[in-house]
Amino acid sequence: MTLLDRHIEFLEALRGAGLPVSLSEGLDAVTAMGLIGWNDRHQVKEAYAATLVKRANQRATFDGLFELYFPRMIGSGMTELFSPGSAEAAGVAKDGPEALDEFTERLAEALQADDVEMLRQLAAEAVARFGAMPGRGPGLSSWSSYTALRRLSTDELTSRLIEGLQQGGWTNEEAARAGTRRVDRFAGLVEADARRRIAEEKGPEQIAKIAVRPTIEKLDFLHARRADLEALRREIYPLARRLATRLTQEHHAHRRGAVDLRRTLRSSMSTGGVPVDLRYRPKRPHRTELVILCDVSGSVSNFATFTLMLVFALREQFGKVRAFTFVDEIHEVTSYFKPGADLVDTMTELTKATEHSARMGRTNYGRAFSLFQERHADALGPKSSLLILGDARSNYSDLAVDSLRAMAESSRHAHWLNPEVRTQWDTGDSEATRYGSIIEMRECRNLTQLSEFVHDLA
Amino acid sequence: MPSRTSSWFSSPAEAVTRLGDVGYLADGSTALTTYLAGALEKPVLVEGPAGVGKTELAKAITRATGAELVRLQCYEGLDEARALYEWNYKKQLLRIQAVDDGQAWEETHGDIFSEEFLLTRPLLTAIRREEPTVLLIDEVDKTDVEVEGLLLEVLSDFQVTIPELGTMVSTRRPLVVLTSNATRELSEALKRRCLYLHLDYPEADREREIVLSQVPGLDDAVARQLVSVIGRLRELELKKSPSIAESVDWARTLIALEITDLSDKAVADTLGVVLKHSSDVDRAVRELRLKR
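Top line first, the protein sequences correspond to chains G and L.
Using this note's numbering, the first residue of the first sequence is number 1, and each one after it goes up by one.
Using this note's numbering, the first residue of the second sequence is number 1, and each one after it goes up by one.
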């Protein structure tokens, strides 16, 4: 494969992963390579990044693909031949208890010293020695980061490292944090190297499709991993701020209202009846009151958290926010949305508070809606927008369609956000269509869709 | 090397040294992108949190290359007249009043739309300058979309058309640095014309070097403690994470108060220098287990 082919395939893979890489950017990248040459891999990577990546949160995806298409080395690399401490040089077998001990020893040292370059080499070695799964059938990958990490028993390594750091004068807490982070990073390196080895056998485009996660905006709320959740959380607050600034700007842009005829005529007296200056009616900002009903049952709780967080951050955009959570009981959580409060605290308290929303623990939309009508009907009025968040899966219970209709009618706007893929609506106990006929239902599965919605709303 | 390697930087390594000489400690990707911006003659869009040295980068490039800085500070409501050029109406009016009655209109018209009555604003100034110029378009995310459209023309061809005078093409392309806090998503078209650099909070070691270079007289051990606390603060979800500028402020505060050991009490007492929201301070006190 020529360098040019590789370059073009790389661009294709980036496009496939959701980065809008245009032809001209590809050409820029080629020109940049012409200037800096292909000798220094790090520079090649940075030059590609400078020309192709246009947003900070695309960088992780870019890095993953770059490792696949421009691997650090081929096969086991040269490290084994040259590094003096390696197994072959010492005459130890490639695998086996002794080899494992010897390797763990070196790894522990490198972790202790936090030597990134050494760790990278060790990661490659770990995959080569302990992650190989020879003799598997065609189509199955022959390298496994999982096997390698299990053999190395990372938990033991972590506690050993933490102990070591504590002896080095770190406080308990700091040592624990640093230790976990270092071992996690090493695990990440091993995973990346296993991907590289697999890509080498099967061709990168196969792996690129499976192994590289989409950018955070396209990430599905319902299928997010724990690490992703953290990233999503960090993305929410800036997102809300961005949305808020944009909304204010747009309000400013349309601030001038209609022509005020009476005042225009009045001011034209001084110019002999010629209306030189047009007078405009000031535009009254209308502030929507937002009433949110949020399904917090296990299946959609991820999604609920993000939406509540976004609403919390956008509070200033709305005149008043009232929030309710439900599973089968309905519970008001408005008091947690204190202005100026800390986002993390609020979310922790909210999570605790949502326990009140479940009596039986099974989602029952009908019951929640009727209870809402019974207890909180006064929350809705001509100024309020009703927002319901949930997957409309009601465990085949009574739907209380009339209650919902009454709620929709007594509010100015009503929206329903459903975090499920549209194709899954109406399957099983989902009542998307029946509820959707009363309140317009929108699919909302990732940050992009969520921000579009909030933008339309305010 | 072809003639494209212009007067800016001859290699990424040189960029590191020369930026370092004028007091800007650039990391690998910053230096590389700076070098590419000069060599490819493309604008750089620098994004990142507030206070990581985006504007400072443009100033450092200026100092390092001996160029001159032309700065366009963007704000909501910025328009063509402020960004590009406008005519000096008052002077034009005077000119018309001062001419003899005999002069034909055509002549007067030719007179009042000449160089003499043109007020150049930053963008046009940068294009017309013949000496090396760094054009800094600061906080481009604050502008309205119309200005972005204007920038598209200027940044891709480095030319401006003034109906009365004709098209002005730059003889020597300025090095353009755009900065943005990403409060608004910029258009794809604008991003496509730029190289992209995301400046983030620096690694602990680099930050320590920066603080030490900015605050002479600071003890190395204290700097180490300071950077580590700052790092932990940035890990918390705060409304406003401390920036490099705030680390430097903090270091200066410590010097002024003659604090030589950053104990928990010292941190708690001076936290207000670093954190700008009361809820952030509360949170930090709790998470770092400080006693007040």
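A couple of the hints might just be wrong.
[Said to hold, decoys possible] Only pairs whose alpha carbons sit at most 20 angstroms apart, straight line, appear in this in silico PhoX-like list of lysine-lysine:
1. G:Lys338 / L:Lys142
2. L:Lys276 / L:Lys265
3. L:Lys239 / G:Lys338
4. G:Lys320 / G:Lys338
5. L:Lys91 / L:Lys142
6. L:Lys265 / L:Lys142
7. L:Lys239 / L:Lys265
8. G:Lys338 / L:Lys265
9. G:Lys320 / G:Lys218
[Unchecked claim] Quick look at which bits of chain G chain L covers, simulated, 3 or more residues with Cβ under 8 angstroms:
10. 15-27
11. 39-52
12. 230-244
[Unchecked claim] A partial selection of chain G residues facing chain L, derived with a Cβ cut-off under 10 angstroms:
13. Ile36
14. Arg55
15. Ala56
16. Glu173
17. Asp345
18. Glu349
Since the hints were made in silico from the structure, they are not lab data.
None of the values given here were measured: they were computed from a predicted structure.
Ideal placement from N, C-alpha and C gives every residue a C-beta, glycine not left out.
Hints and how they fare:
no.: 1; hint: G:Lys338 / L:Lys142; result: 29 angstroms, violated
no.: 2; hint: L:Lys276 / L:Lys265; result: 19 angstroms, holds
no.: 3; hint: L:Lys239 / G:Lys338; result: 15 angstroms, holds
no.: 4; hint: G:Lys320 / G:Lys338; result: 11 angstroms, holds
no.: 5; hint: L:Lys91 / L:Lys142; result: 32 angstroms, violated
no.: 6; hint: L:Lys265 / L:Lys142; result: 40 angstroms, violated
no.: 7; hint: L:Lys239 / L:Lys265; result: 23 angstroms, violated
no.: 8; hint: G:Lys338 / L:Lys265; result: 30 angstroms, violated
no.: 9; hint: G:Lys320 / G:Lys218; result: 30 angstroms, violated
no.: 10; hint: 15-27; result: holds (count 4)
no.: 11; hint: 39-52; result: holds (count 7)
no.: 12; hint: 230-244; result: holds (count 6)
no.: 13; hint: Ile36; result: 7 angstroms, holds
no.: 14; hint: Arg55; result: 8 angstroms, holds
no.: 15; hint: Ala56; result: 4 angstroms, holds
no.: 16; hint: Glu173; result: 8 angstroms, holds
no.: 17; hint: Asp345; result: 7 angstroms, holds
no.: 18; hint: Glu349; result: 14 angstroms, violated
Violation of the numbered hints given earlier is confined to hints 1, 5, 6, 7, 8, 9, 18; the remaining hints are satisfied by the structure.
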